Every structure is written in structure tokens, then in C-alpha cells.
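S.K.: Given next are the chains, with one letter for each unit.
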Amino acid sequence: MLILYPEKQGSFRETGETHCMRCRRNLYLWASLLLIAFSEVPAKAQDLVPVVSGAAGFIYSKDSGQTALQPILSPVVLIPLGSKLLVESNLEMQGFVARSSPGGPYEGQYFFSVNYLQLDYVVNSHLTIVAGRFLSPFNIFSERIGPIWIQNFQDGPLIYPIGTRTSGSSDGGMIRGVVASRPGWLLNYTAFFSALNNSQYFSAGRAAGTRVGLFLPKANFEVGASYERFLQDHHSNSYGGYFVWQPGTQVSVKAEYAHSPQGQGYWIEGAYRFRESGPLGRALKNIQPIVRGQQFYRLAPGVNDSLPRADTQRVDFGLNYYLPHEIRLNGSYGRQFSSTGNSNNWTLDLTYRFLFPVPFWPKGAQ
Amino acid sequence: MLVLSLLMALRSGARPQQAAAAPKTAAPKINESAEGEKRFRTNCGRCHHPPEDLSPREARAVLRQMRVRAMLSAEDERLILKFLAP
Numbered sequence: 001m002l003i004l005y006p007e008k009q010g011s012f013r014e015t016g017e018t019h020c021m022r023c024r025r026n027l028y029l030w031a032s033l034l035l036i037a038f039s040e041v042p043a044k045a046q047d048l049v050p051v052v053s054g055a056a057g058f059i060y061s062k063d064s065g066q067t068a069l070q071p072i073l074s075p076v077v078l079i080p081l082g083s084k085l086l087v088e089s090n091l092e093m094q095g096f097v098a099r100s101s102p103g104g105p106y107e108g109q110y111f112f113s114v115n116y117l118q119l120d121y122v123v124n125s126h127l128t129i130v131a132g133r134f135l136s137p138f139n140i141f142s143e144r145i146g147p148i149w150i151q152n153f154q155d156g157p158l159i160y161p162i163g164t165r166t167s168g169s170s171d172g173g174m175i176r177g178v179v180a181s182r183p184g185w186l187l188n189y190t191a192f193f194s195a196l197n198n199s200q201y202f203s204a205g206r207a208a209g210t211r212v213g214l215f216l217p218k219a220n221f222e223v224g225a226s227y228e229r230f231l232q233d234h235h236s237n238s239y240g241g242y243f244v245w246q247p248g249t250q251v252s253v254k255a256e257y258a259h260s261p262q263g264q265g266y267w268i269e270g271a272y273r274f275r276e277s278g279p280l281g282r283a284l285k286n287i288q289p290i291v292r293g294q295q296f297y298r299l300a301p302g303v304n305d306s307l308p309r310a311d312t313q314r315v316d317f318g319l320n321y322y323l324p325h326e327i328r329l330n331g332s333y334g335r336q337f338s339s340t341g342n343s344n345n346w347t348l349d350l351t352y353r354f355l356f357p358v359p360f361w362p363k364g365a366q
Numbered sequence: 001m002l003v004l005s006l007l008m009a010l011r012s013g014a015r016p017q018q019a020a021a022a023p024k025t026a027a028p029k030i031n032e033s034a035e036g037e038k039r040f041r042t043n044c045g046r047c048h049h050p051p052e053d054l055s056p057r058e059a060r061a062v063l064r065q066m067r068v069r070a071m072l073s074a075e076d077e078r079l080i081l082k083f084l085a086p
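First to last, the sequence lines map onto chains A and B.
According to our numbering, the residues represented by the first sequence are 1 to 366, in order.
According to our numbering, the residues represented by the second sequence are 1 to 86, in order.
These are calculated hints, taken from the structure and not from any lab test.
Keep in mind that a hint or two might mislead.
As the list claims (entries may be wrong) - Stretches of chain A that chain B covers, calculated by requiring three or more beta carbons in the stretch to come under 8 Å of a beta carbon on chain B:
1) 139-152
2) 173-187
3) 216-223
4) 246-257
5) 350-359
Here the structure is a predicted model, which means the values were calculated and not measured.
Think of the CB as a built atom: it goes at the ideal place given N, C-alpha and C, for glycine as much as any other residue.
My request is simple: use the sequences and hints to build the entire structure.
M.R.: Here is the structure:
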């Protein structure tokens with residue numbers, strides 16, 4: 001998913017700090033976190049192995065007649081420490097190769113980002129304390145269905161920038177957990193704060209927010225709400241809601257709504273996985289038709305807010321094909337309607353999800 | 001609500017809450033792998049499919065992350081481990 005935040009690209013507010021000072025401050029912060037982490041001696045170190053997970057992918061897209069090729073590598077490093085701690089990090093390297101002008105040669109741009117680098121301390125089911133850089137917990141797209149091997153449509157929702165400014169990640173602290181759990185329901189929460197950071201790879205906005213979710217296991221239905229207060233430049237509130245519903249093992253429906261002073265909108269997505277039984281079961285079991293509808297309404301002009309410039313409607317149809325060894329082939333077509341111009345959007349992508357123990361670790365995967 | 005959560009966390013220590021929904025003592029011969037699969041479908045299956053071919057050590061690391069991300073209880077983590085890497 002390539003969403004460029006203008007704040008991330010430049011126009012940073014002057015803070016009086018030099019780049020060197022910011023780098024040194026970041027270095028001290030991460031070194032302190034790692035020192036705290038490694039001071040917890042692993043109780044069962046022999047049972048734990050750091051792993052490298054994540055995904056690699058290649059996306060071909062034709063958006064409004066412009067062809068683009070996007071190779072992506074998104075590794076996740078997990079280092080469990082003892083029974084309570086985890087260091088986790090996700091880097092993303094993405095290329096964007098396209099013609100600079102009609103008929104011109106293909107030219108490439110490459111982006112590197114640190115999506116998260118965090119230390120998790122699991123106190124118990126009610127409380128996990130997170131410090132460092134983490135995905136901004138606004139609604140569910142970013143945290144739960146954002147990875148390229150999970151998301152069904154490789155271009156993110158139109159409303160994704162709402163509640164996730166300035167970079168989709170936050171630098172600070174977060175607490176999360178289950179408030180209460182009963183056989184018929186489960187209530188969870190997340191609350192976070194983020195400091196302003198203008199460094200190249202760790203940029204984040206000053207913000208605070210919370211998310212609450214209610215899960216009904218018997219109905220396989222989850223509903224939740226999010227709130228974020230953006231605390232720099234012009235302070236503003238963003239809020240939203242979501243639901244996830246799986247009425248059976250084959251069907252899945254997800255939706256989000258988000259509102260900000262600049263605009264509001266929603267997306268709703270459905271997917272169907274065929275049963276393995278039946279005369280065509282063996283042929284169809286790896287196929288998953290998907291569909292998504294979106295609407296966005298511009299409420300006020302925004303500068304560098306990454307949202308569509310005008311009211312926009314969009315519908316996408318696609319097909320996932322699951323191959324062995326965690327490889328997925330996906331194709332989709334979308335039609336976008338906007339006063340700034342209608343467009344067709346074609347996407348074809350191949351993703352591979354990988355997972356292996358850190359090389360040369362004693363006993364490896366045993 | 002956050003204060004309430006913190007108080008509950010301190011009061012209950014490491015007591016897994018979802019264990020109350022499926023007490024271990026009620027069914028000593030419970031098929032833990034099947035129960036783990038059920039909990040995987042409930043908690044993890046809302047977002048993704050189960051991974052292929054995980055060793056127990058790899059699964060522990062992945063489940064630690066999922067415990068944070070999906071807010072699993074210790075009991076969920078134990079049972080899903082039985083399912084992913086029996």
C-alpha cells in the first residue's frame with residue numbers, strides 16, 4: 001500500500017533541533033528501550049527463537065491509464081524475551097516504477113519506512129504496555145488488515161489518512177487489553193499518545209487517542225469506535241467506527257467509517273471463500289471473490305491531508321487465488337467516480353508470506 | 001475506563017480472563033488442538049488464514065505478537081499454540 005503523507009515528505013515545522021540532535025535523541029530512546037528489554041532475563045530462553053516474518057510482493061497497477069510497477073518487501077522481526085516481553089519491528093521497502101511522461105521511459109522511486117519498532121510488556125490479559133514506534137490504533141485497517149498478504153485490495157481505503165496522520169505510525173506509548181471477558185462478549189480497549197517527531201524514518205504527529213471494541217463470539221461480530229485528538233498546528237478531532245462480521249466460515253464482511261474536519265467517508269468489503277465439498281469444491285476451494293464499496297465526502301478544503309480533493313465514490317471487484325506455500329495471486333478492477341474525473345483502476349499482484357527463525361540462532365526452528 | 005482497566009489488571013494479576021469461558025477442569029480430556037483451532041478461527045480468523053508449517057518455537061514468537069495485536073489471553077495463546085504447532 002503506497003500512501004504518501006505530504007508531512008512526511010517535507011514542510012516540517014522548524015523546531016530548532018539539528019538533524020544530528022534528533023538522530024541522537026532517537027538513538028538514546030531506542031537504546032534505552034532495548035536495555036530495559038534485555039534486562040529481563042528470559043526464563044525459558046531455550047524455548048524462544050526470534051523470527052523474521054512478513055511478506056514480499058509485486059504489484060502491477062493501471063490507474064487512470066498510468067501503469068505502475070511496485071515491488072515491496074516488508075519484513076517483520078519478532079524477538080520474544082522471557083514470558084512477558086516482545087520486541088517487534090516492521091520495515092517496509094517499496095519501489096514505484098512508472099513512466100514520467102506519456103511514452104517516456106520508466107523511472108523508479110524507492111521508499112523506505114519504519115512502520116513500527118516497539119517494546120511490548122504483557123502484564124496480563126487486561127494490560128499490555130507498549131513503548132516506541134507503533135501503528136496508530138485508529139479503527140482496524142492499519143493494525144489488522146494493512147499487511148500486503150492480508151489486505152484484499154492493495155490500494156488502501158480512501159479514508160485511511162483520517163486518524164492516522166502524519167505517517168500512519170505514532171511515537172510514544174500505548175496501553176491496550178481486555179476490559180472484561182464473558183462467554184457471550186468481550187470488551188477491549190486501546191489508548192495511546194504520540195509525540196511530534198520530524199526525523200525521516202520515525203516521523204509522527206503529536207496526538208492522543210483511544211479505541212474501544214466489543215466482540216460477540218457467538219455471532220462472530222465485532223464492533224468498535226475510535227477517537228483521535230491531533231495536537232499540533234490546528235488541533236482537530238477525528239472519530240470513527242468499524243465492524244467485522246463472519247456469519248459463517250466462508251463469508252467475511254468488514255467496514256469502517258471515519259470523520260475529520262476535512263472530510264468523512266466509509267468503506268465496506270465482503271469476501272467469500274468457497275467450500276471444499278461439492279463437485280467443484282477442489283477447483284474452487286482456493287478462490288475468494290471480493291468486493292468493496294467506498295464513499296468519501298469532502299467537508300472542507302485541506303492542505304496536504306492526503307484525502308481526495310472532491311466527493312468520491314468507488315467500487316472494486318476482485319479475486320484472490322491462494323497457491324501453496326503462502327503465495328497469493330490477486331486481481332481487481334475498480335471504477336472511481338469523482339467531480340475531478342472518473343477513472344478505471346486495474347491491479348494485479350502476487351504476494352508471498354514468509355516466516356523463518358533468525359539465521360544462525362542456536363537450534364533454529366527446532 | 002482506562003483507570004478501571006488498570007485497577008482490574010493490578011487486582012487480577014496474570015489471571016487469564018477467557019479461561020473462565022472454557023475452564024480446564026471441566027473437561028480434562030478436552031481436545032486442545034481442536035479447541036485451539038476454534039479459538040484461532042474466533043480471534044485470528046477475522047483477519048487472516050492460519051500460517052503453514054510452523055515449528056513450536058516459531059509459533060511461540062508469532063503468538064506473542066498476536067497476543068498483543070489481537071489481545072489474546074494466556075489461555076488463548078496456549079491453546080492456539082497446540083493448534084498451530086501440535
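S.K.: Quick check: which numbered hints come out false for this structure?
M.R.: Per hint list: zero violations.
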